[in-house]
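Residue numbering for the sequence shown follows my numbering, starting at 105 and increasing by one per position.
Don't read these hints as lab results, they were simulated from the structure. Any given hint could be a false lead.
Unchecked claim - Quick list of in silico lysine to aspartate or glutamate cross-link-like pairs, EDC-like style, CA-CA up to 16 angstroms:
hint, residue 1, residue 2
1, K482, E402
2, K535, E438
3, K241, D315
4, K406, D145
5, K667, D690
6, K430, D111
7, K604, D690
8, K530, E374
9, K430, D410
10, K603, D627
11, K604, E663
12, K516, E541
13, K405, E374
14, K471, D145
15, K683, E710
16, K546, E437
17, K406, D439
18, K152, D215
19, K559, D681
20, K117, D315
21, K168, D111
22, K484, E374
23, K121, D111
24, K310, E347
25, K431, D410
To be verified - Okay, the calculated beta carbon distance ranges per label pair:
hint, residue 1, residue 2, range
26, E514, D386, 29 to 37 angstroms
27, T600, K343, 52 to 60 angstroms
28, M105, T600, 47 to 55 angstroms
Where a beta carbon is used, it is the ideal one built from N, C-alpha and C, also for glycine.
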Amino acid sequence: MAKSLFDKTYIGKMKLKNRIFMSPMGTTGEADGAYCNEGIDYFEERAKGGAGLIITGANVVSTKYEPRPCTELSDFHHVERLNMLIERCHAYGAKVCVQLSPGLGRQQFTDPFTPPYSAGSVGAFWFPDLICKPFSKEDIHYLVEKVGYSASLAVNAGADCVELHAYGGYLLDQFHSVQWNNRTDEYGGTLENRMRFTLECIEAIKKNVPDTMPVLVKFTPHQRVEGFRTIDEGIEMAKILEEAGVDALHVDTGCYEEWFQAITTVYSKEGYKLDVQKAIKDIVSVPVLGDGNLKDPEVAKKAVEDGILDYVGLAHQMLADPYWPKKVKAHHEEDIAPCVGCNECLLAGFSGKHYYCAVNPLCYAEKAYALPLPNGQKRKVLVIGGGPAGMMAAITAKRRGFDVDLYEKEDKLGGTLWPAGGPDFKADVLKLIKCLETQCKKLDVNIHLNSPITKDNLEGDYDKVILAAGSTPAMPPIPGIDTTVLASDYLTHQATVGKKVVVIGAGLAGTEAACDIAGKDGDVTLVEMCPDILFTANHCLNNDQHLRKMVKDRGVKVEANAKVTNITPTSVTFERDGKTMTLECDTVLNAVGFRPNNQLEDLLDEKYDEVAVIGDAVAPRKILTAIHEGYHAIRVME
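Start from the sequences, fold in the hints, and give me the full structure.
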């Protein structure tokens, strides 16, 4: 019988209502490490959305050797909040797997002066010149005991299963890996020795949980970094783990050195981990769980139907839309808010904040930011601009029961999302346009295309006006700048380029445009006045790594610290270190940035009592700021 995404199944003796699980992502907690109310609400919403299994982020078992990076399960008093989380998820038929971690090791973000602990005397990730302190055997035994104790606490909290955090270059994976484990005792050397710490943790967990409780291990059989672990060793690891009696294997790829191999970016291909997951599935008899850009329902279904995965994991897509499972089951895929791979969630977490999601303003604020229920009060809202900020404002106003007029000067909605989604490797951004447009139409927003608002045609009585007119490309005072092709015109297929192209500006737009051209056999040079490409890009490390790799792989040349002094249709002249250089080319692309369209602000303030300027009309920024400001501008209306 063919498998399907919505089969009822078992892992060990744990019954699951479907094959969809929420992948583990570390969450912030209270000062003592327990889950906070916002975190409990956050997990409850994903259970409500239809996931069969919720896997928590890592819960550290001790803070003896490193500061707590996320939630903690090391003390009897942590049980109460974890139990609240589990019981609320159970109410919706979801099972909860508690992930346990002995630590981050060399990945721990400390400071340049305090060496973190690790398997061996190797460089810390964030501070490579800082040599880690190897754990003593006594330290390892202590952590093994703490893993066992934490497993008993998970049982007390009502967990359905536990998962050991042994992947991605974190502490246990550092012991697994020859590049980080240079020990000469029984925890180093052969693969069996390098896995000893993990196997002892599995044994400790099994001693502290009922026989009926499944034990999962998340591990990395292929690190996909040159010189690091390959699938051959990963297959041997899987055999060792199965022999140790685990009930399922959660298969990952990557590590921080190429973080995008582990955590999906906007540049990732669909199902990019499936080859590794299939290699493990082919040689083990226990169920295999996997994630890795499986958010397209058809890709997820096929992974199960083809027998590659027993369970499909969604991580950031669950932040963007907790109701993905219910919408897929009901065949309402058009209503799914798509994850766009921006990793604003990850960036927020590594900046000391809780998760934020670019396309879901309610992520980690499910109750605090919930919309007031419609109360029959009729309010009228004018939205000027049909980009992401304007569309979100219009959608939110309709959901509150308000009347909305949305005016867009172009012949279609989407604004600057169109050039942002223009490269062949950023189609997910275009899905966001479609999603927002679909909701506008379903909610019957009164949309006026080809209708610019000016001081001469501004009319009507409105309770609130939203200025979301976006931004336009900047034209710096460089001789010849008027002869360039706008990067936004190229990315929206309104302009073509020659075979030899110079791109002025190596921010996100310029670098992505350069990669797009180079991917079509173009000879491309980026010219940037800052010391490096992406110098001012405020994005997460894995996105940065992935885009830089694309620059390298596609052969894009870079001229940094270069001040452009003159442009002609076939050349760019720049100065660096007192020297003048000229690049010959067929086309010059202008990607120096954008400026806000806020010219109507003063006029609107004079005419209306409530005016909000949002999105790029304030300043050119991100999808997150556009979506969130559009939502909150309407949410706070009284």
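Results for each hint:
no. : hint                            : in the structure
1   : K482 x E402                     : violated, 41 angstroms
2   : K535 x E438                     : holds, 9 angstroms
3   : K241 x D315                     : violated, 29 angstroms
4   : K406 x D145                     : violated, 31 angstroms
5   : K667 x D690                     : violated, 20 angstroms
6   : K430 x D111                     : holds, 14 angstroms
7   : K604 x D690                     : holds, 5 angstroms
8   : K530 x E374                     : holds, 12 angstroms
9   : K430 x D410                     : violated, 22 angstroms
10  : K603 x D627                     : holds, 6 angstroms
11  : K604 x E663                     : holds, 15 angstroms
12  : K516 x E541                     : holds, 9 angstroms
13  : K405 x E374                     : holds, 13 angstroms
14  : K471 x D145                     : holds, 7 angstroms
15  : K683 x E710                     : violated, 52 angstroms
16  : K546 x E437                     : holds, 14 angstroms
17  : K406 x D439                     : violated, 21 angstroms
18  : K152 x D215                     : violated, 40 angstroms
19  : K559 x D681                     : violated, 48 angstroms
20  : K117 x D315                     : holds, 9 angstroms
21  : K168 x D111                     : violated, 43 angstroms
22  : K484 x E374                     : violated, 42 angstroms
23  : K121 x D111                     : holds, 7 angstroms
24  : K310 x E347                     : holds, 14 angstroms
25  : K431 x D410                     : violated, 22 angstroms
26  : E514 x D386: 29 to 37 angstroms : violated, 51 angstroms
27  : T600 x K343: 52 to 60 angstroms : holds, 54 angstroms
28  : M105 x T600: 47 to 55 angstroms : holds, 52 angstroms
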